[in-house]
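Residue numbers (the working numbering), protein chains in the order written: chain A, 1 to 370; chain B, 1001 to 1122; chain C, 2001 to 2346.
Note that these hints are calculated values from the structure, not bench results. Fair warning: there could be bad hints in the mix.
These stretches of chain A come out as covered by chain C in the derived footprint (C-beta under 8 Å, 3 or more residues) [stated by the list, open to error]: (1) 119 to 133; (2) 137 to 149; (3) 320 to 327.
Simulated restraints on C-beta separations [what the hints assert, rightly or not]: (4) Arg2212/C with Ala348/A: 30 to 38 Å; (5) Tyr1062/B with Asn165/A: 23 to 31 Å; (6) Pro2030/C with Ile143/A: 52 to 60 Å.
The beta carbon of each residue, even a glycine, is placed where N, CA and C say it ideally should be.
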Amino acid sequence: MRNVKSFVADNIVTLIFLTITIIAIPFSGLSGSYIISNLIDRFARSSFLVFALILPIMAGMGINFAMVLGATAGQIGLIFAVDHNIMGTEGLILATLVGIPLSVGLGWFSGQVLNRARGREMVTGFILGYFMDGIYQFFGLYIMGWLIPIRTAQVMQIDGGGVRNTLALESVRGGLDKIVSLKVGPFSIPVVTFAVIAVLCLFIIWFRRTKLGQDMRAIGQEQGISHAAGINVDRTRILAIVISTVLACIGQIIYLQNLGNMFTYTSQRQAGYYAAAAILVGGATVSKASIKNVFIGVFLVHALYITTPLAGKALFKSAMVGQYMSDFINYGIIASALVLHAWKNKRAADLARAGLRMSAEAQAAAGGVA
Amino acid sequence: MNLRSLVVKITLAVVYLVLAVWAYGAGKGYPLYIDNTDLSKPTMLSVVIDGKSPVRVREGAYTEIMVKGARKHTISLVLPSGAEYRETFRFPAGAQAAEIRVPELAPGSDPVVRPVLPRQDR
Amino acid sequence: MSSIKTFIADFGWPRIIIALFLLSLFVAAPIVGVDLGASIGDVLNRFGQNAIMVLALVPMVQSGCGLNFGLPIGILAGLLGSTITMQLGLTGLTGLLVAILITIVFGVIFGYLYGKLLNNVKGEEMTIAMYVGFSAVMLFSILWLVLPFNKADLVMGYAGEGLRRSIALEDYWGKLLNNFGQFSIGGTPIPTGLLLFVGLCVFFVYVFMRTRTGTAMTAVGSNPDFARASGVSVERMRTVSTVVSTVLGGIGILAYQQSFGWVQVYDAPLFMAFPAVSALLIGGASVTKASMVNVVLGTFLFQGILTMTPSVINNVLKNELSEVIRIIVTNGMIIYALTRKTKVAK
């Protein structure tokens, strides 16, 4: 009985949204095979982005909302590839090669900023994303087409100034997904994309065991002791953010090659909102995240995205309700996950304070309620 | 900086450069124009390059298809005569764009590919 | 000389750059052919529109809750106030007063719940406040569609249900405060009523912060352990500050609406906290300390830049650049404040 209680307490966010999904499926009127084929497609498209959040959580820096800087770097790479007319897989490789140095630089910068904002990394990272929007718009609308010439007419704004608001990525579309596409019954599986995701999982498993990975986990537990043990805390935290930013860059390129078009100045923001919601709904907290959380989270969050707008539309008989419903769910996941986690931490802290007077059983019972 | 890390860094830089140069060269897209403006035997064509999805070329049209890399490509379509046409061609080296004229296609022989200047119509 | 240096260090380079930038805009305006009188009138009007929402942040900063990124919750109370009053068909001064009354009622309820929530999540307030605010705005977007509003000029024409995206205030209490005692000096219209209303609110908060409750609140913010030891309930003070902040946020949006002339619902309040927060910080506030001077100075500087940049830059360059400057200034200022080492309170 106590096991059930603690299981529910540990996975409360996942369970709440799983319940919502299960309720929403019949109301949405979607068939099982439609939902599954959509889930496969969306999983391949977007799980890489979510993996970008694991390392900063490990290093105790919370959700790296500043990952949008990496996504921006990826988009700049894609703009370059499309503008220079580099097609297919080669185009994606070139976009990645352009994006990686940029995202290393941006990651280093945001690591520096976040090191100065200890204890409020998340909100600072969030605002840093908006700040970057301004710089990126300045780059896209004024530097591009002025200092950096735009070569392809389809990339340029109609009036000739800067990069278009909507960029067709037709030339690189499916550059990863379509290398090998396996047909299994009604579902098509992008084999290479899944292979890339598998390699990334192996990388993360391996990385946790390296010296650097161990250091990150130590810092995530306790900064002071890590410092005393001779770990360069600042540098390790910056490296966590740099790797996260680079992964976000690659993740955004994978995401956009699947979609085939990009909203030049807003697509990167979606990446940040979405990835945070996914990892949290998968059961991660701001201090603990695993590969399992990413997998569960990506499936669950997309099941929510697919079903809830239609369910909302059917229940309230209004298409607009469905639209707002999905936004509400997205913000609501993050808000409730953060609240429940902080609440649990506070209970734990309160209990620890009163711990001397409390017996072990009482603690477990009270913890179970939280 | 010790020798090992120096070697690693140089190797990484070389790999980065080689990959970039390769991707830029092999992935570069070139416009191939299908000239179907000869109206003596008008027909609508469906052109397939390198096994990609077919591109419709209307009668009297001059259509642009992007091909990846200045190398060997396959082209397949159904000719006005009804004969199926499937041949390979090499994109002319050094050309910015190339053109294939539909009336010049004859079954059994490679298409005539002329280097032309890219159109700046868009 | 050294006193200038400490002044600059205290005030911070970004603020000085922003103040100089605004000054140069005012100097440049007549040169590039912008009507300076009308521009100053614009700045004053927008100062009045936004000042109360900036003011709303002060109690929570003082009580140690940080920057209230959950301001949209207060704004939602204000939106309920104005839409319900309009649905009841009340216009003019009666309408505005009833709207304020309803706003206060909802503001107290929302603020109390929001404060209780924040008390349970100490340490992560700002991130959580932001996302709770976002969620609340989206939840209300659904409510605006399904609540039983049915007055013809409020609801969408074709379906007859669901509020319009923007509802005209003209026939209710639009420009009521602006037009009260309005006069012009050399082509500069002074929105007397609006400025008086802002002054009243600032005065109210000024007095409130000096009452027993207000000083206890500041004590909780600057040294919670000491406050607890001297018998002040930290939780209660934080809740009170959140309630006051939420109510003021609601009144702030009412002042904004009457001057702007439209009630904007759905996702309009989503990002309204950011410019307010930025304005307060530009005025010299930190994450842990804010005063009335910070509010007035900050709103003036921030709205000044927002008003003057497009009108000056449009005459010289293209339009979007002012948007880029707005994004960079707003968020750059917040990052600057968040990354600044907070001085240990004495």
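**OP:** Just pull the numbers of the violated hints for me, sorted ascending.
**Re:** 6
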